[in-house]
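Residue numbers (our numbering), protein chains in the order written: chain A, -6 to 207; chain B, -6 to 207.
Hints should not be assumed to be uniformly reliable.
Copies of one chain are not kept apart here, so a pair can be met inside one copy or by any two copies together.
To be verified - Below, in silico cross-link-like pairs of lysine-lysine (BS3-like), each with a Cα-Cα straight-line distance of 27 angstroms or less:
#, residue 1, residue 2
1, K201, K180
2, K35, K1
3, K40, K126
4, K17, K126
5, K201, K25
6, K17, K1
7, K180, K35
8, K126, K201
9, K50, K201
10, K34, K1
11, K1, K13
12, K126, K180
13, K64, K201
14, K1, K40
15, K13, K180
16, K25, K40
17, K25, K180
18, K1, K201
19, K180, K34
Calculated directly from the structure, the hints in this document are not laboratory data. Keep in mind it's a predicted model, so treat the numbers as computed, not measured.
Number of protein chains: 2
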Amino acid sequence: MGLEERRKRERDNRRNAILKAARKLFFERGFKPVTVDSIAKKAELSKGSIYLYFNSKEEIYTQILLGDIDKFHEHFSDLLTDSPSASEALLRFAGIYVDLFLSDRELFRILMTFMLHTSDMNLPEELNSHIIKATNRNISIVEDIFRYGIERGEFPAAVNLRLNRNAIWGLLNGIISLHLFTGGESKRAEVIQSTLRLGLDIYIRGLKTCDRPR
Amino acid sequence: MGLEERRKRERDNRRNAILKAARKLFFERGFKPVTVDSIAKKAELSKGSIYLYFNSKEEIYTQILLGDIDKFHEHFSDLLTDSPSASEALLRFAGIYVDLFLSDRELFRILMTFMLHTSDMNLPEELNSHIIKATNRNISIVEDIFRYGIERGEFPAAVNLRLNRNAIWGLLNGIISLHLFTGGESKRAEVIQSTLRLGLDIYIRGLKTCDRPR
DNA sequence: TGAACAGCGGTCATTATATGACTGCTGGTC
DNA sequence: GACCAGCAGTCATATAATGACCGCTGTTCA
């Protein structure tokens, strides 16, 4: 404890207050409708002060995203060691993935939107690559599952890790997007889950019967 | 919650941090040996900032005192209604008074010192009168006890409230001072308590036999 | 179709707050 | 009584916060 520490602490606190306020607003209303003034008001600061801590509205948004992506990753840390097979791991992964997004409603929309608009919101390169890296870390969980499957002879050795990883990732997000967009609220969770289960079952069955690279 | 509120909150917090730090130091070392720099360091502020919140070292000291005096008063709120007689109330008052000071060692010394040196430490008039008033509120508890005694016929109607109040207050502080100054630590509490009990018993007996104003 | 305007992100001159080197006083030492 | 150490309190400088303002963009309406 000392003078310098106190000042750092207070800077951090203020920064966090901004993130917390912004998070709430972004999750309530999305990106565009949230004004910097409204963030400032909720954080009990002036707009000018916001810009002492962040360079742009996009950067705030992105920082929030980064935190969420990291938190996201934690949910899957024990997945491989806990699952009896790669197929099972994949199904579990999908289950958790969907639950996560259904419990934190806006998160999915936000992450997807970011994927779709990264290049628009010209962020500092540093930050941009950080996000990409964090996202890749999550995507690569799927790759790990496939690798695990190959190692234990569950999937053919010829399976292309990257391609299949991307396919599954796309499958997941595509199905979720579709059902968030269409279908009613009431049975959404079950519908998505069962759709995914079906899709994955088939995909896995297909994979197992591969004999040449794909 | 809003911007103005937040700023007030933060100002209050900082002010309290100073008081808290100063209190600890004053109670550890007394008044003189505590430098403003040491308060600043403990409060994780610069010396200059201290003077943004207080006008002098004395004022800090005094503010702490004010808080303590107020807290002090709370201990006696139910005294009269809980006691079967004025004599008993007086004895209880003395008992609590002594216990309080023995449990919070430096407080007594500090309060006494203040009484002795108020005029030296030229405080803002406002503050000074506030302290006097707070102190009087405590002293007047004794007066209340006497008044109660007269009302229920326990003491003669002719008893002079103010004079006797001051006498008792002096008796209390004098005896405590004496024993803090001389006598050993070990049996101090009992010695003080029994001395006071004796003194008060005699005083009360004397009072009851009065028949002309005194 | 283009003039007027509203609403926003971002800027910056002004204001508020914090800092610590400095000053002058005081009490102690030799 | 000359020196000095140590302190309360000051103030020029540095840091942080503020909100009026600017320019751009998308919308309304004659």
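- [ ] Would you pick out the hints that fail for this structure and give their numbers low to high?
- [x] Failing hints, ascending: 1, 3, 5, 7, 8, 9, 12, 13, 15, 17, 18 and 19.
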